[in-house]
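Engineer: Construct all of the structure, not just a fragment, from the sequences and the given hints.
Sequences listed follow chains A and B, in order.
Residue 1 is where the first sequence starts when you use our numbering, and the numbers rise one by one after that.
Residue 1 is where the second sequence starts when you use our numbering, and the numbers rise one by one after that.
To be clear, the hints were calculated from the coordinates, so they are not data collected in a lab.
Just so you know, not all the hints are guaranteed correct.
To be clear about the criterion: a stretch of chain B counts as covered by chain A if any three or more of its residues have a C-beta under 8 Å from a C-beta of chain A, and this derived list gives those stretches [unchecked claim]:
id, stretch
1, 249-257
2, 380-387
3, 414-422
Ideal placement from N, C-alpha and C gives every residue a C-beta, glycine not left out.
The primary structure of each chain is shown beneath.
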Amino acid sequence: MSDMYNVSSSSHIRSKDTSAKIMLYVAIALLPASVFGIWNFGLQALILILVCVATCVASEWIFEKLIQKKSTINDFSAVVTGLLLALNLPHTLPIWQAVLGSVFAIVIVKMLFGGLGQNFMNPALGGRCFLLVSFAGTMTSFTYDGVTGATPLALLKNGESVDTMKMLLGTTAGTIGETSVIAILIGAIFLILMGVIDLTIPASYILSFGVFVLLFGGHGFDVTYLTAHLCGGGLMLGAFFMATDYVTSPITPMGKVVFGIVLGILTGLFRLFGANAEGVSFAIILGNLLVPIIEKFTIPRAFGQKKEVK
Amino acid sequence: MGLMTFKGGVHPHDGKEFSKDKPIRELLPKDELVFPVSQHIGAPASPVVAVGDTVLRGQKIAEAGGFVSAPIYSSVSGKVKAIQPRRGAVGDMVNSIIIENDGEMKEVEYVPTENVTALSKEEIIGKVKEAGVVGMGGAGFPTHVKLSPKEPDKIEYIIANCAECEPYLTADYRRMLENPKELIEGMRIVLQLFDHAKGLFGIEDNKPDCIAKMQELTKDEPRMEVCPLQTKYPQGGERQLIYATTHREINSTMLPADAGCIVDNVETLISIYKAVKLGKPVMNRIFTVTGDAVAEPGNFDICLGMSYGEVLEAAGGFKVQPEKIISGGPMMGFSMFGLDIPTTKTSSSLLCLAKDDVAASETTACINCGRCVSACPEQIIPTRLAKMAGYGDMAGFEKWNGMECIECGSCSYICPAKIPLAQSIRTMKKQILAERRKK
Ligand code: SF4
Ligand code: SF4
Numbered sequence: 001m002s003d004m005y006n007v008s009s010s011s012h013i014r015s016k017d018t019s020a021k022i023m024l025y026v027a028i029a030l031l032p033a034s035v036f037g038i039w040n041f042g043l044q045a046l047i048l049i050l051v052c053v054a055t056c057v058a059s060e061w062i063f064e065k066l067i068q069k070k071s072t073i074n075d076f077s078a079v080v081t082g083l084l085l086a087l088n089l090p091h092t093l094p095i096w097q098a099v100l101g102s103v104f105a106i107v108i109v110k111m112l113f114g115g116l117g118q119n120f121m122n123p124a125l126g127g128r129c130f131l132l133v134s135f136a137g138t139m140t141s142f143t144y145d146g147v148t149g150a151t152p153l154a155l156l157k158n159g160e161s162v163d164t165m166k167m168l169l170g171t172t173a174g175t176i177g178e179t180s181v182i183a184i185l186i187g188a189i190f191l192i193l194m195g196v197i198d199l200t201i202p203a204s205y206i207l208s209f210g211v212f213v214l215l216f217g218g219h220g221f222d223v224t225y226l227t228a229h230l231c232g233g234g235l236m237l238g239a240f241f242m243a244t245d246y247v248t249s250p251i252t253p254m255g256k257v258v259f260g261i262v263l264g265i266l267t268g269l270f271r272l273f274g275a276n277a278e279g280v281s282f283a284i285i286l287g288n289l290l291v292p293i294i295e296k297f298t299i300p301r302a303f304g305q306k307k308e309v310k
Numbered sequence: 001m002g003l004m005t006f007k008g009g010v011h012p013h014d015g016k017e018f019s020k021d022k023p024i025r026e027l028l029p030k031d032e033l034v035f036p037v038s039q040h041i042g043a044p045a046s047p048v049v050a051v052g053d054t055v056l057r058g059q060k061i062a063e064a065g066g067f068v069s070a071p072i073y074s075s076v077s078g079k080v081k082a083i084q085p086r087r088g089a090v091g092d093m094v095n096s097i098i099i100e101n102d103g104e105m106k107e108v109e110y111v112p113t114e115n116v117t118a119l120s121k122e123e124i125i126g127k128v129k130e131a132g133v134v135g136m137g138g139a140g141f142p143t144h145v146k147l148s149p150k151e152p153d154k155i156e157y158i159i160a161n162c163a164e165c166e167p168y169l170t171a172d173y174r175r176m177l178e179n180p181k182e183l184i185e186g187m188r189i190v191l192q193l194f195d196h197a198k199g200l201f202g203i204e205d206n207k208p209d210c211i212a213k214m215q216e217l218t219k220d221e222p223r224m225e226v227c228p229l230q231t232k233y234p235q236g237g238e239r240q241l242i243y244a245t246t247h248r249e250i251n252s253t254m255l256p257a258d259a260g261c262i263v264d265n266v267e268t269l270i271s272i273y274k275a276v277k278l279g280k281p282v283m284n285r286i287f288t289v290t291g292d293a294v295a296e297p298g299n300f301d302i303c304l305g306m307s308y309g310e311v312l313e314a315a316g317g318f319k320v321q322p323e324k325i326i327s328g329g330p331m332m333g334f335s336m337f338g339l340d341i342p343t344t345k346t347s348s349s350l351l352c353l354a355k356d357d358v359a360a361s362e363t364t365a366c367i368n369c370g371r372c373v374s375a376c377p378e379q380i381i382p383t384r385l386a387k388m389a390g391y392g393d394m395a396g397f398e399k400w401n402g403m404e405c406i407e408c409g410s411c412s413y414i415c416p417a418k419i420p421l422a423q424s425i426r427t428m429k430k431q432i433l434a435e436r437r438k439k
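Structural biologist: Next comes the structure, spelled out in structure tokens:
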């Protein structure tokens with residue numbers, strides 16, 4: 001008779017947020033850095049960004065067609081991956097290499113592990129590291145204003161002086177999206193205001209890295225040196241946009257703090273004692289691999305549970 | 001800011017505008033009333049009337065089936081038509097006493113108490129027990145059991161749960177506005193049982209009129225205090241309410257009494273007042289009919305045993321055909337198959353939603369965003385627990401404190417991937433409890 005009503009277990013209402021909306025916010029938050037990158041590096045940067053985004057979305061779509069799964073491209077996560085990957089590339093990278101990196105990021109790092117939510121490594125970073133290993137030459141050659149030159153971090157490593165003001169603004173050599181601290185922070189503030197990310201991971205990452213540099217940088221308490229390290233390379237982009245990647249960071253509140261500290265220390269180790277000037281990407285990827293262990297040791301105390309005292 | 005609350009929780013649209021300004025209206029029942037013998041936690045009551053018997057309003061028709069149980073009274077006068085299983089709000093069949101209403105509302109004679117303060121503690125608890133008072137907020141735990149803790153001297157707070165944090169519900173709100181004195185008298189009676197206790201009224205700050213009224217009425221009551229609470233779901237969860245008002249924490253293995261607290265809901269305290277002062281058993285309650293599918297949402301004083309459909313008629317029926325009808329609130333209520341279901345002591349509302357969010361939203365993969373974690377008032381990790389429930393990992397589920405879940409549904413509400421987390425966790429909890437019982 002009246003069996004026309006839906007029956008399901010509570011709760012019966014749902015919030016308006018969807019995964020697609022969140023991913024869209026992340027993409028929007030990456031726009032200031034992207035626009036700045038295009039302005040700073042020119043047409044080549046724009047082309048790389050478009051190529052990466054298009055390739056990422058297309059690979060996801062084709063892959064899901066092939067294995068006959070429902071397409072998930074409208075959750076925007078492939079767009080975010082493409083954008084992030086492009087921002088992590090030098091604008092001079094040959095296009096076919098960028099295409100390869102994008103395919104690797106989506107197919108190998110993300111889809112083969114089961115798609116969104118199942119991958120244990122940040123796809124964009126996976127793609128970047130794949131390119132770094134395969135094409136070290138093109139991935140580490142940076143030109144600025146038509147001249148091949150070192151990034152501020154490389155200069156710093158060789159003991160040369162850098163202009164921290166330029167690093168804040170971003171008018172230096174580097175990958176497309178990492179140079180301007182200001183543009184990155186504008187996006188980050190947007191994400192924080194929209195409730196997409198919180199400060200736990202970026203703050204513990206940046207703080208612990210800063211402390212590491214102070215302790216082991218060999219410059220004592222040198223503010224310029226410290227600022228150069230904080231603003232240089234991929235730290236800001238990494239801390240706010242890649243270390244905070246939901247899927248590949250711990251979900252436990254305490255785990256987030258531990259994760260940030262681990263990243264800070266790893267980045268410090270790579271930058272100060274490694275062969276390369278940069279270390280953010282490898283630090284985050286390594287951190288990603290540690291997430292299951294970090295979570296295991298940071299299962300939170302449930303409400304009302306006794307602390308292990310007495 | 002400054003307001004008392006707990007950690008976690010969500011802010012769903014409150015939907016109270018439909019019925020909050022509708023004064024309580026008394027409803028007279030029609031021909032048939034159904035009284036399930038199990039309207040409480042504990043042993044079912046056993047019928048003390050037979051088919052063909054004539055009964056009066058206020059007459060006991062079923063006797064408590066043990067200490068943790070409660071008797072049931074007829075809310076009308078008439079004839080016992082049948083005693084047979086009928087479908088309840090949760091969907092199961094429950095043995096029920098069916099009474100044909102003669103429409104005359106002939107009542108038994110109640111014995112009021114002139115001077116409540118002259119009653120001994122045992123007498124008060126006896127009256128509460130005899131009247132069949134149970135937790136009327138939805139839990140249905142027999143109140144006399146709650147009022148008999150092992151160490152009554154250690155009870156320091158009697159907390160009136162006036163939060164009404166479930167969206168849409170306005171029954172407690174109307175009670176506080178229209179019958180605040182009965183509520184306070186109910187509290188006074190409970191305080192008489194516990195010499196060292198203080199009475200707290202925890203009210204969410206989306207009901208400023210209730211806060212003002214209750215503050216005004218209790219200003220000369222040294223043993224009572226109004227605690228304005230931040231409006232947030234599940235502020236009225238027992239553990240959350242205790243924490244907000246007293247900063248004491250309890251977990252799933254503890255009773256409120258272990259933290260020196262007893263929590264009773266508004267309707268329960270009013271029933272205690274009626275039982276002890278007026279000598280009247282539980283026969284009526286306030287019931288909200290609401291939702292965007294209802295023609296004239298409102299709050300009704302119903303005779304228990306009326307069907308949901310009958311009360312809906314009084315609210316003008318449906319304005320549009322609802323996709324979902326719910327007994328209780330949208331966060332923890334039960335969706336029902338139909339309206340031919342009797343109201344019981346724990347029925348607080350009928351919510352009719354034109355659109356069903358759950359059916360309309362497609363479940364996608366968990367993106368590990370952590371929103372369920374921030375929303376969880378028990379500070380557990382719903383997404384991991386739901387996954388473990390998915391592959392039946394009982395050990396992991398318990399290690400990650402799954403048994404602490406209070407099934408508030410905040411996680412399911414907030415999840416952007418629309419995963420029915422609370423549902424999986426609830427099912428797993430049931431399985432583990434069943435497993436434990438076997439041992
Ligand atoms: S809220 Fe939903 S998507 Fe986010 S972590 Fe929890 S289960 Fe996953
Ligand atoms: S896990 Fe349980 S207690 Fe936590 S939000 Fe979900 S339903 Fe509520």
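Engineer: Could you run down the list of hints and mark each one as holding or not?
Structural biologist: Here's how the hints hold up against the structure:
no., hint, in the structure
1, 249-257, "holds (count 5)"
2, 380-387, "holds (count 4)"
3, 414-422, "holds (count 7)"
Against the hints set out earlier in the document, no violation occurs for any number.
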